[in-house]
Amino acid sequence: MRTVVCLKLIADPDIVEFDVTTEELGNIHTVLDPVDQYVLEEGLVLREKLGGEVIAVSVAPGAGDDILRDALLYGADRAIRLWHDDLRCADTWMVSQVIRESLDNIGFDLVLCGARSRDAGSALMVPALAHHLNIASATGIIDLEVGSDRKIIAHKKLTKGERETYSLELPAVLGIEEGINEPRYVAPFSRIYREGLRKKVEFLEVDITGLKGRQLVQNLRFTQFRPRVKVGIDISALSMQEKLKMMRGELGREKEELFEGSPEEAARKVLDKLREALK
Amino acid sequence: MSPVSLAYWGIPGYVIFWVLSVAAVSLFLWRAYRLWRYLRLGSGWGGSIRLPGRLLTALFHVVAQWCQFKTLSRRDLSGLGHVLMAWGFFIFAIYYLLFIIIGAGFGISETIKNNSFFYYYSWVMDIAAPLVVLAALWGIIRRYIVRPPRLKGEQNIEALVILITVLIHPLTHLFKEAANIALGELPAGLGSSLPVISSALSQLFTGSTLSSVQNAGTGFFWAHWVVVLFVLVYIAYSRYLHIIAAPFNVFLSPPRPLGALKPVDFKATEAFGAASVTDFTRKQLLESYSCVICGRCQDACPAYATGKPLNPKKVVQDVKEHLLQVGPALLAKKPEAPATNPGRALAGEVVSLDEIWACTTCGACVESCPVCNDQVGMIMELRRRLVYEGIYDKGHKKALKRVAQDFNPWGIRWNNRAKNTGIEEARAGEKYDCIYWLGCVAAFDERVREVAQATSKILRAAGLNFAMLGAKEKCCGDFVRRLGDEGLFQELALENIRTLEELDFDFILTHCPHCFNTIKSEYPQFGGNFKVVHHTQLILDLLNEGKIRLQESSQKSGEKVIYHDPCYLARYNDISKEPRQILGKFFDKTVEFPRNHNNSFCCGGGGGNAWKEQEIGDKISVTRLEEAMKADPQILATACPFCFLMFQEALQIKGNEDGIILRDIAEIVERFLC
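For the protein sequence lines, the chains are A and B, in the order given. Note that this note's numbering numbers the first sequence so that position 186 is 186, with each residue one more than the last. Note that this note's numbering numbers the second sequence so that position 202 is 202, with each residue one more than the last.
I should point out that these hints are in silico values taken from the structure, not numbers from a laboratory. None of these values were measured; they are calculated from a predicted model. C-beta atoms are modelled at their ideal positions from N, C-alpha and C, and glycine is treated no differently. One should not assume that every hint holds.
Claimed, not checked - Label pairs and their in silico Cβ distance ranges: (1) B:394 x A:123: 25 to 33 Å; (2) B:671 x A:198: 31 to 39 Å; (3) A:19 x B:671: 44 to 52 Å; (4) B:394 x A:18: 32 to 40 Å.
To be verified - In silico lysine-lysine, DSSO-like type, Cα no more than 27 Å apart, as pairs: (5) A:49 x B:619; (6) A:49 x B:267; (7) A:200 x B:267; (8) B:398 x A:157.
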């Protein structure tokens, strides 16, 4: 089975700084999108179970070579970087077409993407790819079984621990959720790492002139609507009480309120509450 | 008349003597040659040796039997038996060489014995023989009646054979001498008084006919010579190979304290760690020959004591057994044949995964080993192999991945490192007295952060100009290296060295013995030569020089304080007096653990095992805490953040009814600051 894993290069969201005055990003450390660690791992796990190969693909400028090299060091069979300088501000629609073009050349049984990236978070890549390829898709996958009969059982994560289970058939595009597996660790100069060192990241210059889809969405600006006080939670700075609250998921969240009565009454109460909050 | 010069059933005694002796020596040499060739399968001898010093150490350990006295000082009386047997062995060996092989064997017995040297030597033998008999008897009683737990799980038959021969040959020697004296042969007539014991035994022969005494003498002579030859052969084929191998092993052992692991040169070698016995150094294989399964390491091992599968003596023995098993196949292989390991995999099968991972690298086994074996070094090679193959314990793997990503084992993003410590970050171009190396625990754990804050308060009180590295500091790599991940360790080491070299400072201060050991002993392997000071050393110096002002009080605190020696401080770096001297300045009553100083018992957090769930057996930290509780202290002091965390956990598990207060040395001193 040939699995293509799509990896995204992003600016480390925990480290990146946003300058409100110049509206520019600073302190950019490019890293692999955290969810894509799980995507790559899932591809490698499927290869262990079913054989075949794992091909890592990324639409990224030169810095993308780093994450693709890491994918090779972690055991991917091939790694391909796709790029054209005009893709710098491309939207999901455009990028998905670039990936689709390359998929035609590479060939695939299964395409795995992150369900939603940590930076843009549009969660559009999976449906867009499925549309272009005209194949089955599912996203938000938290558990995955691929049988030797090319049948897939995929579990989607819903809220409050609820799950939805799908059955689909290869070829397919799946959007992987964080936590689906435990990403492996490959020590520097270990056996798999050494094998990865012998492989090279391939580069494909993308011919975007032939792509029929134009840029549908344009990113105008990136601003901070309201300055955030807390960028992230610094766990070490929390008190024990706050830590316990965080573990219970109570930190920074109002207690849930139940509105009782007939549907009309309950709706009215909700509206009242919202009006009050907006005042 | 020497019994060798007689004829037996028409065969000259000389023929019998030399046929027997040459046969035994040949058997011995043949085996020794095989063993030597197995030994040569190892890769190199493991480092250079400074000859005069090593020779002196070896003589000190072997001839003066320091190997036993150093453990005797730890209330181990069985060492005394070894001393008697070893000295007896040397004395008897010289006797056999001079008076039996050269004297009797070449028919010059009368000439070589007719002098005062023989007279005195027979006195020495006369005293040594009964002592050896006593030692052998004590050995038999100890092994089969007392049965100390550390001898559990041995094949006792080998020990029985050797103990019986040790018992028989001084006895036959004494009777042989007694018969000689009864016959009026040498040493009779050489000096004023005859050796007491043999002459007392010669009284047994009074009233016997001359020929029966002669027959008895001849009988005892041949009996004792056959026993001697048997022992010679038996040594080579049993674990008592120890007698031959141990002196060389002690000679080849690096001087203590141990602190640095051997670096791997990734450019020169494709794989790392020990996949097969050929990946061990010859020194390490010699260690397996030297081990006589005395079990001192087993006694000292915290993993074994808490019911985990690891037993250092078993690891060494398993390696030896495996070497003897696969040795012939490896020797028969042509050098150009691919390097495959015949038989079972060394890491995982010969030594099980649970054994390999249970080691806390505390070094208690190394410290207690009378033949200077380095069991931890062996286990490290096996761990490296597992990392090469990508086999991890779950907890270890997570910690390593976190260090690779965020340079700390907690998995908190690296930009949050050392926040809220209130210590200035170092800037390039400024001159500092010291760089305060926080280490991952103080950088992220809120309780241990207080230790760092206490230390920095002391530094400020002393007027030192110091700073920390902040988010630029990365895990020093101690546990990473000890989990076998040499590649990641070297990356971390090189990056930390680069960061430190950009700054201008006199010395590095750290409160973590693990960081201390790594920066001090291991960074020089990669070009990072820094002066590193542990905070207990610095605080003691500051106190002695009067550089910090303390609260004026005529009386010392009356609280009862107990100090736990961190392995990486006391055992690896020999710093055990400093913390006690600091405590002595503030407290009247200091109590000790039963195992203290460099004989300390691990907290269970070393060697990466702070990140591993101790699924098998008891928690080491709880065992150690129970030892402390027996002394009923009010304050439990330590000087290592890992020991601190482990005790914190143990106090939670055990329940702290007595209200033991856990404190770092720095926090204790901070309390008395002005």
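For each hint, the structure was consulted:
no.: 1; hint: B:394 x A:123: 25 to 33 Å; verdict: holds, 31 Å
no.: 2; hint: B:671 x A:198: 31 to 39 Å; verdict: violated, 59 Å
no.: 3; hint: A:19 x B:671: 44 to 52 Å; verdict: holds, 45 Å
no.: 4; hint: B:394 x A:18: 32 to 40 Å; verdict: holds, 37 Å
no.: 5; hint: A:49 x B:619; verdict: violated, 37 Å
no.: 6; hint: A:49 x B:267; verdict: violated, 33 Å
no.: 7; hint: A:200 x B:267; verdict: holds, 19 Å
no.: 8; hint: B:398 x A:157; verdict: holds, 24 Å
The structure fails hints 2, 5 and 6 (numbered hints given earlier, in ascending order).
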